[in-house]
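Asker: Using the sequences and the accompanying hints, generate a full structural model.
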Amino acid sequence: MIELRYDPRFPQDLEAALDWYDQVSTAASEKLRGLIQRQLNSIQQFPESFQPLDSDLDHRGAMVSGFPVMIVFRIEDSVIRILQIVHLSSDWT
Numbered sequence: 014m015i016e017l018r019y020d021p022r023f024p025q026d027l028e029a030a031l032d033w034y035d036q037v038s039t040a041a042s043e044k045l046r047g048l049i050q051r052q053l054n055s056i057q058q059f060p061e062s063f064q065p066l067d068s069d070l071d072h073r074g075a076m077v078s079g080f081p082v083m084i085v086f087r088i089e090d091s092v093i094r095i096l097q098i099v100h101l102s103s104d105w106t
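Heads up: take any position in the sequence shown, counting from 1, add 13, and you land on this note's numbering.
Be aware that a few hints might be false.
What the hints assert, rightly or not - Below, computed lysine to any residue pairings styled on SDA-like, alpha-carbon distance capped at 25 Å:
id	residue 1	residue 2
1	Lys44	Pro24
2	Lys44	Gln58
3	Lys44	Asn54
4	Lys44	Trp33
5	Lys44	Pro60
6	Lys44	Glu28
7	Lys44	Arg22
8	Lys44	Gln57
9	Lys44	Ala30
10	Lys44	Asp71
11	Lys44	Pro81
12	Lys44	Leu27
13	Lys44	Arg18
14	Lys44	Gln64
15	Lys44	Gln97
16	Lys44	Pro21
17	Lys44	Phe59
18	Lys44	Ala29
19	Lys44	Arg94
20	Lys44	Gln25
Said to hold, decoys possible - Quick list of the computed label-pair ranges, beta carbon to beta carbon:
id	residue 1	residue 2	range
21	Ser68	Val37	13 to 23 Å
22	Ser91	Ser38	38 to 48 Å
23	Asp90	Ser62	36 to 46 Å
To be clear, the hints were calculated from the coordinates, so they are not data collected in a lab. Glycine is no exception: its CB is placed at the ideal position from the N, C-alpha and C atoms.
Answerer: What follows is the structure, given as structure tokens:
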């Protein structure tokens, strides 16, 4: 199975998203954490099944079901680089 490597900003993005939802509902935050983990597993198993976000196919996005959140990643030679988690209302480009 191909290795996942995390960009330094990913843990900060994850913590910020979980903190925001935790203020709304602890259950929502826990659900989001589980769904993100499930999506990371899917990215690792089937990275090319996710939609390219740019014309040169470098960046791909994996939506997190039930939340306006997307995991942005890049397929590199022998690894998948997990770049960031973005809220869809933010300017993440």
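Asker: I'd like to know which numbered hints this structure contradicts. Please list them from smallest to largest.
Answerer: 10, 21, 23
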